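Protein chains: 2
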Amino acid sequence: MAEDLGFEPQWRTEPAGEGTYREALMFTADAHRHPSDAWVSMFLDEFNIAPHDFVPNFPDGDRLIEGVEPGTLDESHRAAFAAIVGEENVSDSDRDRVRFGHGKSIDEDIALRLGQTPNLPDLVLHPRDKHEVARIVSYCHEHRIPIVPFGAGTSVVIGTRADHGGVILVLRTHMNQLLEINERDQVAVVQPGMMGPDYERTLNSVARNLGATEPWTGGHFPQSFEIATVGGWVTALGSGQASTYYGDAYDLVIAQEYVTPIGTITTHAYPATANGPKINDILKGSEGAFGILVEVTLKIFRHKPQNTARFALMMPSWDDAVQTARKIVQGEFGKPAVLRISDPEETERGLALKGFDAGAAAKYFALRGMKPGSRCLLIGTAEGHRKAAELIAHESLKIGRSHGGVSLTGFATKQWEKGRYHDVHVRNDIMDFGMVIDTLETSVTWSNLHQVHQTVRAVIEARPGTMCLSHASHFYEQGTNLYFIMILKPESIDEFFEFRSRVVEAILAAGGSPSHHHGVGRLFRDHLPDHLGSVETGVLRALKRHFDPHNIMNPGVLLAADEELQD
Amino acid sequence: MAEDLGFEPQWRTEPAGEGTYREALMFTADAHRHPSDAWVSMFLDEFNIAPHDFVPNFPDGDRLIEGVEPGTLDESHRAAFAAIVGEENVSDSDRDRVRFGHGKSIDEDIALRLGQTPNLPDLVLHPRDKHEVARIVSYCHEHRIPIVPFGAGTSVVIGTRADHGGVILVLRTHMNQLLEINERDQVAVVQPGMMGPDYERTLNSVARNLGATEPWTGGHFPQSFEIATVGGWVTALGSGQASTYYGDAYDLVIAQEYVTPIGTITTHAYPATANGPKINDILKGSEGAFGILVEVTLKIFRHKPQNTARFALMMPSWDDAVQTARKIVQGEFGKPAVLRISDPEETERGLALKGFDAGAAAKYFALRGMKPGSRCLLIGTAEGHRKAAELIAHESLKIGRSHGGVSLTGFATKQWEKGRYHDVHVRNDIMDFGMVIDTLETSVTWSNLHQVHQTVRAVIEARPGTMCLSHASHFYEQGTNLYFIMILKPESIDEFFEFRSRVVEAILAAGGSPSHHHGVGRLFRDHLPDHLGSVETGVLRALKRHFDPHNIMNPGVLLAADEELQD
Ligand SMILES: Cc1cc2nc3c(=O)[nH]c(=O)nc-3n(C[C@H](O)[C@H](O)[C@H](O)COP(=O)(O)OP(=O)(O)OC[C@H]3O[C@@H](n4cnc5c(N)ncnc54)[C@H](O)[C@@H]3O)c2cc1C
Ligand SMILES: Cc1cc2nc3c(=O)[nH]c(=O)nc-3n(C[C@H](O)[C@H](O)[C@H](O)COP(=O)(O)OP(=O)(O)OC[C@H]3O[C@@H](n4cnc5c(N)ncnc54)[C@H](O)[C@@H]3O)c2cc1C
Chain A
1 MAEDLGFEPQ WRTEPAGEGT YREALMFTAD AHRHPSDAWV SMFLDEFNIA PHDFVPNFPD
61 GDRLIEGVEP GTLDESHRAA FAAIVGEENV SDSDRDRVRF GHGKSIDEDI ALRLGQTPNL
121 PDLVLHPRDK HEVARIVSYC HEHRIPIVPF GAGTSVVIGT RADHGGVILV LRTHMNQLLE
181 INERDQVAVV QPGMMGPDYE RTLNSVARNL GATEPWTGGH FPQSFEIATV GGWVTALGSG
241 QASTYYGDAY DLVIAQEYVT PIGTITTHAY PATANGPKIN DILKGSEGAF GILVEVTLKI
301 FRHKPQNTAR FALMMPSWDD AVQTARKIVQ GEFGKPAVLR ISDPEETERG LALKGFDAGA
361 AAKYFALRGM KPGSRCLLIG TAEGHRKAAE LIAHESLKIG RSHGGVSLTG FATKQWEKGR
421 YHDVHVRNDI MDFGMVIDTL ETSVTWSNLH QVHQTVRAVI EARPGTMCLS HASHFYEQGT
481 NLYFIMILKP ESIDEFFEFR SRVVEAILAA GGSPSHHHGV GRLFRDHLPD HLGSVETGVL
541 RALKRHFDPH NIMNPGVLLA ADEELQD
Chain B
1 MAEDLGFEPQ WRTEPAGEGT YREALMFTAD AHRHPSDAWV SMFLDEFNIA PHDFVPNFPD
61 GDRLIEGVEP GTLDESHRAA FAAIVGEENV SDSDRDRVRF GHGKSIDEDI ALRLGQTPNL
121 PDLVLHPRDK HEVARIVSYC HEHRIPIVPF GAGTSVVIGT RADHGGVILV LRTHMNQLLE
181 INERDQVAVV QPGMMGPDYE RTLNSVARNL GATEPWTGGH FPQSFEIATV GGWVTALGSG
241 QASTYYGDAY DLVIAQEYVT PIGTITTHAY PATANGPKIN DILKGSEGAF GILVEVTLKI
301 FRHKPQNTAR FALMMPSWDD AVQTARKIVQ GEFGKPAVLR ISDPEETERG LALKGFDAGA
361 AAKYFALRGM KPGSRCLLIG TAEGHRKAAE LIAHESLKIG RSHGGVSLTG FATKQWEKGR
421 YHDVHVRNDI MDFGMVIDTL ETSVTWSNLH QVHQTVRAVI EARPGTMCLS HASHFYEQGT
481 NLYFIMILKP ESIDEFFEFR SRVVEAILAA GGSPSHHHGV GRLFRDHLPD HLGSVETGVL
541 RALKRHFDPH NIMNPGVLLA ADEELQD
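In the order they appear, the protein sequences are chains A and B.
Mapping to UniProt numbering: the first sequence position 480 is 480, numbers consecutive.
Mapping to UniProt numbering: the second sequence position 284 is 284, numbers consecutive.
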């Protein structure tokens, strides 16, 4: 299918202009990844558009940020903050207020493209250490000033938008160091603002400076790995692509130090205790609504990439792929690190994009009974001890074959690994041309996986010209995560958001959760009471009231902010 | 050493008299396990006692329970409860109030032996289902009547004592069924009052009646397995002997239904979500202080005992045993199910008791450089997939050998398995003769394991004539649990409790936790604020106030009951 397009889409390759809205919305101001010709011809087919539609849209995004509504915080507060963090770490420039006042939800992306910034913080602060954070929180508590913690702002659920003004606390700027590595206990103590690649690189090698004798890995590799912070992983309960083996962020956290309006909480670094409900776990997933994570003790693992065993299978059907994945994680022979099954549409699109839907590959698949529209790709890796990894790969393939699967060697896995992080930048090019790419993900049990998958697909397919790639990743004995990537050319912005709401409603109605690993933020908070139940949500409210009696901590995240700040 | 004693200790073999204090204190009224001759001669040696000391003590324990202080609850309440649970499920007999008003702490054991029952519930209720529990809780909330949930009452931390009167809710009597088994999701839904062996036996076989197609196991085997309930495991955060592989009770719980004074909480059965702090986890370990667990969804595993690989090693020193265990659980080749390392004293006592400290075995050990007083026993099993289990056993032995260990084949492990549950009954015989056997256990990281072990041992050894068997079991990448079994013949009851307090203080001062798996109860509650910190304990207090605004739920457990019940 990868044909000569006959035209060159006017991809934007220049870095975002300094101080523009575009700069604020991009993941990295100068990183690009253009959709391949195969993608473009797919867009042309699916969205009934013509080459002349491939011109950049949203001219407002390129405007310089200026003249936005000024903040309303009293000058005396600004001086007080400057006395804490230093003048150079306080900013009320329009540019900073926009840039650090937005995350990476599609909602925020579109608003920025339109040059709309209705909700901005008054000030942006870059604290230098945890003591400064404590002083800021205590000052804000006293003066009822909202605080929004900002790791790297890759939240896709509107986690960092200052709907109530106040200050943004940027943790990435200074609080970004690996403080300690304890090889005996297999833990690292990390500041929350450390970026994924810095953390991993330090563990892999530089940790030797901290006295480490061998290379380590953190085991957490979300797709946003290159653009997110360790603190964001923990506070928003993220999952990395190798979570089936290493665990979710939730599982990786051994201890935390948290600055809250009512004081600092420090938990012990025991691997387990029976000292009542675990404070360490109560804090996880609070998304800044209870306080600021200022230090975290994480599990680490021996870094032995040479032991990785890769495997991949083409499965005859989605159900075969699902059963295979289930039997693999329930097989009690150890768990794969990466495990991912693509549904028929994701499989077909993936093959088409690589040209594998024609030629020798296509013939081979046909011969083996792998029919387009039914066949599903499964990829996986196994890590850890070499023999254990081999056993996992071996047994996984065996299960796949017993379900009619055809082994593809580890080639497909390697292909996937290549694009795993860089592909995120494709979103920008797609959005540039007036199309939208958005993702939703949800927790399912094995028992309701098909129900959720079918219901959601049906709702998506009911909208003409909507591509939907879906897969399951992050596996547990009890179920998995279903992930939906929707690509469409909406009639209007409103039409897109109405469509997305229908999909969310379908997920919840079919028995999925609002989120498996993106968090709640401001996007799903209104779904929480219905989903969890009102007595259940009351527990979160009670904790919120306890930690943050004046509702200054990231107000409106997780729970409705009661419109007005309390007190 | 197992010599002819030359006298026959007057072990008590008759079942406890019906309606006596003794009946209330025994684990099972008619189960016995007498210390072997080798044990007795060890007692004679260590405690400087003579055969004539081996006569039953505590005559008061054999008295019929009668004439205890009557309850003070109004007759109208009794009628209200009878209307809920049925007349036959309400009792205010002295016998029931004593029997269900006590757990299995040494404190309670001794009090009963002395016929002392200062704190008794007014009524004992046996609810028939969760709806009755909800009605009871709501009634008690309205009328400010304390409720103490009672699974099987094997708490060793005074978890079930009705210090504030009120009602005991016995869950074991009627609420003891496996409700559902879902093989696809690998979960079982269980009522809290189901006893360990009933649960396991049902999963192993009878679950077929619920439509199961193969045998399952719950994977949770505390030493108290035969005498405790599933609900007790969860609410008090227990650990089974195979927890290194299957996880602690905390890890096994996928979802819960909890009746609290402010309403019923039901959590979803997803394996993972990012919907804010996890309510399911917040409830775990609340020991009845927040509400009553009425249904629990637990992970289950394929029951394949034929795959179990056993291994055992004699290690030249405690440090070698510790390093070996650490490297095993950090080896990333899968984890053993059982893993246990005995310190030199436990090892020596164990060998002596089996006669292995003399003869051919002794010579063999000497030849291999395994010196008494230094050598340490390591035992383990690996379960799950056959090849994975073999690999774990193989790699574990390899690590042990590299630390100078000598493989003992699986014999030592099998020996240990034999006594694993039945040995609990030995406590009664020991207590009968005026000696005391008590246990303390604590969480440690690898980094502070030696510190805790040495400090605590030193405090114990400073008391002449005190045997202390200690071991580590329940392993994690980040640390383990240290377990101390103390056997002594105290000068007086007070002297024993003073001694035990010193040991607890030593554990905490050295950096251990109050409990790794016994829970907090009323025994450690006053240590919690110091240990966790006051802001941290404040979180538990806030949750308590939220769930239980009138402080009727197991008052005095986890947190001080503020002397008077709140209003
Ligand atoms: C293209 C793309 C791909 C993604 N893929 C994945 C994926 O594979 N897996 C995954 O889990 N997520 C993914 N995400 C979502 C996002 O990257 C994660 O939620 C990430 O963990 C957020 O990290 P961050 O540093 O950007 O946090 P932010 O967005 O800055 O913050 C996230 C939330 O936590 C709060 N917060 C941040 N730091 C602190 C702190 N120190 N103390 C208290 N609160 C704090 C914020 O206020 C906000 O509510 C993806 C996002 C994008 C844009
Ligand atoms: C000889 C011996 C050996 C032991 N070995 C181990 C061991 O190896 N591992 C281990 O973990 N523990 C062990 N224990 C401790 C004890 O057996 C465990 O804590 C067990 O899980 C308690 O179960 P139970 O049913 O007896 O609970 P109970 O003693 O009845 O209750 C324990 C606590 O939970 C509360 N509770 C009970 N049921 C509910 C409910 N449904 N809802 C709310 N609250 C409830 C009670 O009020 C109490 O505070 C041992 C005890 C003894 C006596």
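Some hints here could point you the wrong way.
[As the list claims (entries may be wrong)] Calculated cross-link-like contacts (lysine-lysine; reagent style BS3-like; alpha-carbon spacing at most 27 angstroms): (1) A:304 with B:327; (2) A:327 with B:387; (3) B:363 with A:304; (4) A:398 with B:304; (5) A:327 with B:304; (6) B:387 with A:387; (7) A:304 with B:387; (8) B:304 with A:387; (9) A:387 with B:327; (10) A:398 with B:387.
No wet-lab data here; the hints were simulated from the structure.
As the structure is a computational prediction, the values presented were derived from the model and not from experiment.
Comparing the hints with the structure gives:
1. A:304 with B:327: 16 angstroms, holds
2. A:327 with B:387: With Cα atoms ~16 angstroms apart, residue 327 (chain A) and residue 387 (chain B) stay inside 27 angstroms; holds.
3. B:363 with A:304: 42 angstroms, violated
4. A:398 with B:304: 20 angstroms, holds
5. A:327 with B:304: Given that 27 angstroms is the threshold and the Cα spacing comes to 16 angstroms, the pair holds.
6. B:387 with A:387: Roughly 10 angstroms between the alpha carbons, so the hint for residue 387 (chain B) and residue 387 (chain A) holds.
7. A:304 with B:387: 22 angstroms, holds
8. B:304 with A:387: OK: residue 304 (chain B) and residue 387 (chain A) at ~22 angstroms, within 27 angstroms.
9. A:387 with B:327: 16 angstroms, holds
10. A:398 with B:387: 14 angstroms, holds
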